[in-house]
Amino acid sequence: MSHWRKKTLDIGCFVGSRTVRDHTKRLVFEQHEAERQALRYVIRNTSLPARARAEAQLQLQQMSNYTRPTQIRNRCTIGGHTRGVFRDFKMSRFNFRMQAMAGVLPGVKRASW
Amino acid sequence: MPFSLTRRAALHEVSLVARQRAYPDCSRQPMLALAGSRRSKASLSGEADRKPNLSTQATSEPESPRHPRSVQALHLKPLKREAEHGIPSCDLQLRSYSLQPLDFFCDFALRAAYYLGLPAYGPVPLPRITQRWTVPRSHFIFKKSQENFERITLRRLIQIKDGNPETVQLWLAYLRKHQYYGIGMKANMWEFSELGGQSVTKQNTRQYETDINAAWPHLGQVKPLESALEADKVLNHRLSSEASGPR
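In order, the protein sequence lines correspond to chains A and B. Heads up, the final residue of the first sequence is numbered 112 in numbering that gives the first Met the number 0, and it's a clean run with no missing numbers. Heads up, the final residue of the second sequence is numbered 246 in numbering that gives the first Met the number 0, and it's a clean run with no missing numbers.
Worth flagging that the hints you see were computed from the coordinates, not collected in a lab. Just so it is clear, the structure is predicted and the values come from calculations on it, not from any experiment. One should not assume that every hint holds.
What the hints assert, rightly or not - Derived DSBU-like pairs (lysine-lysine); straight-line CA-CA distance at most 35 Å:
{"#": "1", "chain 1": "A", "residue 1": "LYS89", "chain 2": "B", "residue 2": "LYS160"}
{"#": "2", "chain 1": "A", "residue 1": "LYS108", "chain 2": "B", "residue 2": "LYS76"}
{"#": "3", "chain 1": "A", "residue 1": "LYS5", "chain 2": "B", "residue 2": "LYS143"}
{"#": "4", "chain 1": "B", "residue 1": "LYS185", "chain 2": "B", "residue 2": "LYS79"}
{"#": "5", "chain 1": "B", "residue 1": "LYS160", "chain 2": "B", "residue 2": "LYS76"}
{"#": "6", "chain 1": "B", "residue 1": "LYS142", "chain 2": "A", "residue 2": "LYS108"}
{"#": "7", "chain 1": "A", "residue 1": "LYS5", "chain 2": "B", "residue 2": "LYS232"}
{"#": "8", "chain 1": "B", "residue 1": "LYS143", "chain 2": "A", "residue 2": "LYS108"}
{"#": "9", "chain 1": "B", "residue 1": "LYS160", "chain 2": "B", "residue 2": "LYS185"}
{"#": "10", "chain 1": "A", "residue 1": "LYS6", "chain 2": "B", "residue 2": "LYS232"}
{"#": "11", "chain 1": "A", "residue 1": "LYS89", "chain 2": "A", "residue 2": "LYS108"}
{"#": "12", "chain 1": "A", "residue 1": "LYS108", "chain 2": "A", "residue 2": "LYS6"}
{"#": "13", "chain 1": "B", "residue 1": "LYS232", "chain 2": "A", "residue 2": "LYS89"}
{"#": "14", "chain 1": "B", "residue 1": "LYS176", "chain 2": "B", "residue 2": "LYS79"}
{"#": "15", "chain 1": "B", "residue 1": "LYS142", "chain 2": "A", "residue 2": "LYS89"}
{"#": "16", "chain 1": "A", "residue 1": "LYS89", "chain 2": "A", "residue 2": "LYS5"}
{"#": "17", "chain 1": "A", "residue 1": "LYS89", "chain 2": "B", "residue 2": "LYS76"}
{"#": "18", "chain 1": "B", "residue 1": "LYS232", "chain 2": "A", "residue 2": "LYS108"}
{"#": "19", "chain 1": "B", "residue 1": "LYS185", "chain 2": "B", "residue 2": "LYS76"}
{"#": "20", "chain 1": "A", "residue 1": "LYS89", "chain 2": "B", "residue 2": "LYS176"}
{"#": "21", "chain 1": "A", "residue 1": "LYS89", "chain 2": "B", "residue 2": "LYS79"}
{"#": "22", "chain 1": "B", "residue 1": "LYS160", "chain 2": "B", "residue 2": "LYS176"}
{"#": "23", "chain 1": "B", "residue 1": "LYS79", "chain 2": "B", "residue 2": "LYS160"}
Unchecked claim - So these bits of chain A aren't anywhere near chain B, every CB distance computed over 12 Å:
{"#": "24", "residue": "THR18"}
{"#": "25", "residue": "ARG50"}
{"#": "26", "residue": "THR66"}
{"#": "27", "residue": "PRO68"}
Unchecked claim - Computed footprint of chain A on chain B, listed as stretches where at least three residues anywhere in the stretch have a Cβ under 8 Å from a Cβ of chain A:
{"#": "28", "region": "122 to 135"}
{"#": "29", "region": "150 to 159"}
For glycine and all other residues, C-beta sits at the position ideal for the given N, C-alpha and C.
Just chain A, with the same shape it has in the complex:
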């Protein structure tokens, strides 16, 4: 799938093969989203002829897996981790703690109640 990848680096976060791959998948999904949705519509529309629907099904199957939204996985922008990533900060829990203690995240404080 290297033909999807940008020739120059276009991410500003942690750089690793997996983060680059994930970023590429996001771009490819964005490019093909409309096409995917159109095919899905044709497949599910019972008022269309069965042949057209079967063709659409085949086309959808033959699309690259990079165009699938389920391939996208949130990654930590600082360490590239996939687990325990906060959506609000795009960071894994440990990096979030480090940044919060350094006072880099606006408004985030240690809480006690």
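Since the structure of chain A is provided, determine the placement of chain B on it from the hints.
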């Protein structure tokens, strides 16, 4: 309100100082007034009791220089206009993580609305948004020891009633231009027109677009970067790298 009283007191002192500066020869009179105030404190009289004395003094003296009314008004609460019909035309919500800039900017927005002739109501303190995150301090096997972090978003609502849509837009643009650090704004606008008629904004959409595009470079405080080289320079600057993270 104890708050307004203290502000009024501050203004009172300022005017005294101004008089002293203007008449260095007859500086005894303010001294006398101060002495009187000390005595009146013993007799439990308040700030309001001293006011009539001051005014008679002022009338007996020749015209003394004072601060402009707009400067004096800074020590008082923001002025507000009364809405005639009470039809809401704009809801402005201000958000911040800290109180000081939020209160300051609310005050600024209210004053701006007053001088633009808009009847503003508020600031209404909306419920705070508290977000909390709990994270283990170290590796997952030490799950027993965790740490809590929180972020509290403070919100204030300023409502404009009976506002002319163009004036309201002007007000919003002015607030954007003088946006204060650490403050987020969002506004909902409503406008009313006759049945079947086109709204004011729809009529001049194209004109507004050109106006907005012309005004856009002047809004905000961020200068656009002209070239990729310049962006590189900014990114590699020592300050930006220091500001970007703990490492």
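How the hints compare with the structure:
Restraint check for LYS89(A) and LYS160(B): not satisfied, since their Cα atoms lie roughly 40 Å apart, outside the 35 Å limit. At most 35 Å may separate the alpha-carbon atoms for a hinted pair to count; LYS108(A) and LYS76(B) meet this at roughly 32 Å. Taking the CA atoms of LYS5(A) and LYS143(B), the gap is near 44 Å; set against the 35 Å cutoff, the hint is violated. The hinted pair formed by LYS185(B) and LYS79(B) meets the criterion: a straight-line CA distance of about 21 Å does not exceed 35 Å.
Annotation: proposed proximity of LYS160(B) to LYS76(B) holds, straight-line Cα distance about 19 Å (limit 35 Å). Using a Cα cut-off of 35 Å, the hinted pair LYS142(B) and LYS108(A) holds, with the two alpha carbons roughly 21 Å apart. Annotation: proposed proximity of LYS5(A) to LYS232(B) holds, straight-line Cα distance about 23 Å (limit 35 Å). The suggested pairing of LYS143(B) with LYS108(A) holds, with an alpha-carbon distance near 21 Å, which does not exceed 35 Å.
Taking the CA atoms of LYS160(B) and LYS185(B), the gap is near 17 Å; set against the 35 Å cutoff, the hint holds. The suggested pairing of LYS6(A) with LYS232(B) holds, with an alpha-carbon distance near 22 Å, which does not exceed 35 Å. Only pairs whose Cα atoms come within 35 Å are accepted, and LYS89(A) paired with LYS108(A) is accepted, the gap being roughly 18 Å. For the suggested pair LYS108(A) and LYS6(A), the alpha carbons sit about 41 Å apart, so the restraint of at most 35 Å is broken.
A hinted pair counts as satisfied when its Cα atoms are at most 35 Å apart, and LYS232(B) with LYS89(A) qualifies at roughly 26 Å. For the suggested pair LYS176(B) and LYS79(B), the alpha carbons sit about 22 Å apart, so the restraint of at most 35 Å is met. The straight-line distance between the Cα atoms of LYS142(B) and LYS89(A) is roughly 22 Å, inside the 35 Å bound, and the hint therefore holds. At roughly 22 Å between alpha-carbon atoms, LYS89(A) and LYS5(A) fall within 35 Å of each other, so this suggested pair holds.
Distance restraint check for LYS89(A) and LYS76(B): the Cα-Cα separation of roughly 42 Å exceeds the 35 Å cut-off, and the hinted pair is therefore not satisfied. Simply put, LYS232(B) and LYS108(A) have alpha-carbon atoms about 32 Å apart, close enough for the 35 Å limit, and the pair holds. For the hint pairing LYS185(B) with LYS76(B), the CA-to-CA distance comes to about 24 Å; that is within 35 Å, so the pair holds. With a CA separation close to 30 Å, the supplied pair LYS89(A) and LYS176(B) stays within the 35 Å bound.
Of the pairs offered as hints, the one joining LYS89(A) and LYS79(B) is violated, with about 43 Å between alpha carbons and a cut-off of 35 Å exceeded. A distance of roughly 22 Å separates the Cα atoms of LYS160(B) and LYS176(B); the hinted pair therefore holds under the 35 Å criterion. Between the alpha carbons of LYS79(B) and LYS160(B) the distance comes to roughly 11 Å, so the proposed pair stays at or under 35 Å and holds. For THR18(A), the non-interface assignment is confirmed: its Cβ lies about 17 Å from the closest Cβ of chain B, beyond the 12 Å cut-off.
Taking the minimum C-beta to C-beta distance to chain B, about 46 Å, the non-interface status of ARG50(A) holds against the 12 Å cut. Against chain B, the non-interface label of THR66(A) holds: every CB pair exceeds 12 Å, the least being about 30 Å. For PRO68(A), the requirement that its beta carbon stay farther than 12 Å from each beta carbon of chain B is met, with the minimum near 26 Å. Counting residues of the region 122 to 135 of chain B whose C-beta sits closer than 8 Å to any C-beta of chain A gives 5, which meets the bar of three, so the coverage hint holds.
For a cut-off of 8 Å, the count of residues in the region 150 to 159 of chain B with a CB near a CB of chain A stands at 3, and the three-residue condition holds.
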